[in-house]
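S.K.: This is what each chain is made of:
Number of protein chains: 2
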Amino acid sequence: MSQTKKFMLITLGEELLLGLTRNGHLTFVGDQLRQRGVTLHGNYTISDESDEIDDHFKFCWERGDVVITTGGLGPTVDDRTKEALADALGETLVFDESILNAIQDRFRRIGKRMSPNNRKQAYRPESAEVLENPLGTAPGLWLQKSGKILVMLPGPPNELQPMFTEQVIPRLEKLDFIETAENYLQVRTIGVGESALEMQFQSLFDAHPGLAVAYCAHQGQVDFRLSFPNENDRQQELQSIAEECKRALGENFLSFGHDTTAEIVSKLLRERGATLSTAESCTGGLIANAFTDLQGASDVFSGGIVSYCNEAKMELLGVPEKLIQDHTEVSAPVAEAMARGAAERLHSDYAISSTGYAGPDGGTEENPVGTIFVGLHSPRGSASKRYSWNGGRLGIKKRALQAALDLLRRELIAPANAPADQLQSTP
Amino acid sequence: MSQTKKFMLITLGEELLLGLTRNGHLTFVGDQLRQRGVTLHGNYTISDESDEIDDHFKFCWERGDVVITTGGLGPTVDDRTKEALADALGETLVFDESILNAIQDRFRRIGKRMSPNNRKQAYRPESAEVLENPLGTAPGLWLQKSGKILVMLPGPPNELQPMFTEQVIPRLEKLDFIETAENYLQVRTIGVGESALEMQFQSLFDAHPGLAVAYCAHQGQVDFRLSFPNENDRQQELQSIAEECKRALGENFLSFGHDTTAEIVSKLLRERGATLSTAESCTGGLIANAFTDLQGASDVFSGGIVSYCNEAKMELLGVPEKLIQDHTEVSAPVAEAMARGAAERLHSDYAISSTGYAGPDGGTEENPVGTIFVGLHSPRGSASKRYSWNGGRLGIKKRALQAALDLLRRELIAPANAPADQLQSTP
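Residue numbers (the numbering used here), protein chains in the order written: chain A, 70 to 496; chain B, 70 to 496.
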C-alpha cells in the first residue's frame, strides 16, 4: 500500500436513525477495510433527503480519498442517492441500456414483471462504471474523479456484501489503496485478562521494533492483533512472534484468525470423529443453537435436551432425584449428572451441561443470581466448574455458553497421557 | 413540543470504525428520541483524535440544536472529548471539587484505590453542569450555549443509558425539545405484507387529516406507527384508529407496543395457566432459547428437545421409525409427531416443533433447501404448516422460529367454539 488513504462511509436510512435497525454496514465495511490494513476514517448516518446527502457528501469528498455510500439506489421517489451525488459532482445522468437489460433479465429469472419505475435504476452518472448486482435490481456504481473514488452500494446486506468483496475490494487493491492481503495476524486467547497478557508479552513485543499490537476483550476472551504497519516484508517475523505467543499461552491459546469458540470446538470434534450432545438448564438452548448455527453441524452434534424443570432433568436425563434433593439442582454433581445423562441418551462421545441462576429472580445465599455450574462428560469421565458473574440474564447466558465450550475445548486438547480417571481441571 | 429541533449524535471510538463493535449508542439514542417524537438528524462515528472531534463537532454545532457525544471521557491520554469540545466552544476547563468527591466516593464503595489520572475527570468546561454517574467514574456533562445544547456522555452503555433516560430526557422535556410522552401508537401485525396493509387501511387513514403512518417490515412481521405530529390533544383519536385497525386485522393483529412474538405467546400461555415445550430439528435450540431469554420463563416453559438426528427423534420424542421411512424426516407428519412427543415427554399442554433444511447443503427435489415444516400440538389436536424461504442458514432459522411462534399464537387466540377435532389452519 503506497500511502494511507482516507475512507469515509455514508450510510443512508431513517430506520438507522430511528434505532429500528443496527448499522450492519458500518460493522461490515469497517471489518473488511481493517482486514486490508485500513481504518475507516468516519461513518455518517443520515436520512435520504437530497439536501442532507449533498451536504454530507461534500464534507466527505473534501476530506476523503474514497467515499462509500450505502442505500438509496432503489426504484422509488425516496431513492435519491444517485441524483444527489451526480449533482454534487457536476455529472449528467445517462441512460444505460446494459443496466436495463440486466434488470429485465433478473425479473425474467424470478418470474415477475418489471415495474415501470425500475427504469429509473438504469440511469448512471456519465463517468460511473457499473458494479453488477446479480442479487437485486440496483447495480452498484464506481466513479473515479480528480484522483478520488466514489462507490455507491445498494442497501440490502445480501446484495452489498458480495458486491463489496468481489468487485470493490479487487478494484481498490489494483489501485494500491488497500493491502493485498490481511496484513495482521490475530491471536485469540481465553482465560487470561488483557493486562496479564500485556505483562506476559511485553518483552517479546519490545524486541521487535515497529510491531503494533491491538487488544480486544469480549466475553471472557481476549484477542490481539499483531502487525507491522506498512511493512509487508516482515510477514515471516510476524508469524514467528505469533507462534511464540501460542507456545507461551499453552491451553489458553484459542486460535489464529477469526474462528469462534463453537467453530474451534466443532473442528476439534470433527478431527477426532467424535460427537457432542448438550443438557441445558439456565442456558436454555443457547449452546445447542450455537452449534446448529454452523454449517454441517449434524456431523458432530447429536442433539440436546433443555431441561428447564427438575422433572425433565430426572426423566429425560436420568439425574437421580436424591442428587437434586441432596445438592439442589444448581450444583456440581447435578451439572455432571446432566452431562452424563445427555451423552447416554443421545449416544454421544462428549456432552456439556449448564445449571444455574441467570436471574433476575432466584438464587440462594450460597449460590446467588449469576452462579452457574457447567458440566462436562467425556470418555475419560466427568467434571464441572462453578462460575459467578454479574450482569443481566442474557449476558450471563452468553458467559455460560463460552464457559461450557471452553471446558470441552480444554478436554479435547488435553494430552493423551493426562490421568485417565480424572479430567484435567481448568485454572 | 414547540418546534422540531435538530439532534446530532457523535459516537467516538475506533472499535466502531474497525467493525469490532456494533454501534449500540445509535440504536439506543435513536430509539429513545423516536419515542419522544424526534427523528435523530445524523450520527457521526469518528476516531478520538482531537482534530477529528473538532472538525465534526463544528459541522454539527453549526447545523444542529442539540449535539450529543458518546465516549472519550475516561482518565487516559486517549480521552480527549472534553478538552477538544471546550476548545471548540472557547470554554475554559475548571477543576470541580464535587466531581472529584464523587469519584473518590465511588472508589471507596468498590474498595479500590483511585489512580492519580482519575483527577483529570474532575475538570469540566466552565459553563457545563454535571450529569451524575453512579455506575462509573466519568460524569456526563450538559452545556447550554447560544440557545444550543451540548451533551457529553460516557462510552460504557450501562453508564450512558440510565444517565440518558434519567437525566438527559427530563431536561430535554423541560426545555420542550422533545414530546413529554411516547407520541405514537405502534401496531404490530403478522401474516400480511406492507403493501396489503397500506391498501387495507388507506381510506381509514385518509379520513384523519394530519395522521402520520410509518411502516417497518422485519422477518415476516410488519409494524406501523400512528401519530399526529405536534398535536398532543388527539391521543384519543389515535387510540380509536388503532382499535379499528386491530378489529380489521383479526388474528393477524399481534399487539400494541413493542412486545416480541415470544413475549406475546408467553403472556397468552401465562393467562391460560398453560405450559409449552419444544421439539427442534432445523431450528436447533433457537426456539427454546427465545423463551428462556425471557424473565420468569420457567412458569410457562417446561423444556425442549433438540433432535438433530433421526435416532433422537425416535428415542427421545417417540416418532415412529415407519413415519420417517414413509415421509422422510422433513415432512408434515413428522413435524406433528415431534410436537406430540415433546408435549408427552415434557408433560406440557402445548408443544411446537421444526424440521427442515436450513442449508446450505441438503434438501430434496420436492423439498429443497429453505423448506421447513413447523408443527403444533395443543389439547385440541395437532397441526403443521410448510414454508419455503430463501436466504442463509441463520435467516431461515429465524423465519422458522417466527413461524412456529405464530402457529402457536393463532391456536392460543382461536375461539373456543372452533372445530374441536382440528386445528385452525393459518392463511
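Keep in mind that the hints are not guaranteed to be accurate.
No copy labels: a pair is met if it fits in one copy or bridges any two.
[As the list claims (entries may be wrong)] Calculated cross-link-like contacts (lysine-lysine; reagent style DSS-like; alpha-carbon spacing at most 30 Å):
#  : residue 1 : residue 2
1  : K454      : K336
2  : K217      : K127
3  : K454      : K181
4  : K127      : K181
5  : K214      : K127
6  : K315      : K217
7  : K243      : K467
8  : K454      : K127
9  : K315      : K74
10 : K467      : K127
Quick caveat, the hints were computed from the structure, so don't treat them as lab data.
S.K.: Now tell me if each hint is right for this structure.
M.R.: Now for the hints, and whether the structure bears them out:
1. K454 <-> K336: Close inside one copy (23 Å), not across copies (35 Å); limit 30 Å.
2. K217 <-> K127: both (13 Å within a copy, 25 Å between copies)
3. K454 <-> K181: Result: close only across copies, 25 Å inter versus 57 Å intra.
4. K127 <-> K181: Answer is neither; intra-copy 39 Å and inter-copy 49 Å both fail.
5. K214 <-> K127: For K214 and K127, both the intra-copy (14 Å) and inter-copy (28 Å) Cα distances are at most 30 Å.
6. K315 <-> K217: neither (42 Å within a copy, 53 Å between copies)
7. K243 <-> K467: So K243 and K467 fail the 30 Å test inside a copy (42 Å) and across (39 Å) alike.
8. K454 <-> K127: neither (57 Å within a copy, 52 Å between copies)
9. K315 <-> K74: neither (33 Å within a copy, 54 Å between copies)
10. K467 <-> K127: neither (43 Å within a copy, 40 Å between copies)
In the structure shown, a violation is registered for the earlier hints numbered 4, 6, 7, 8, 9 and 10, in ascending order.
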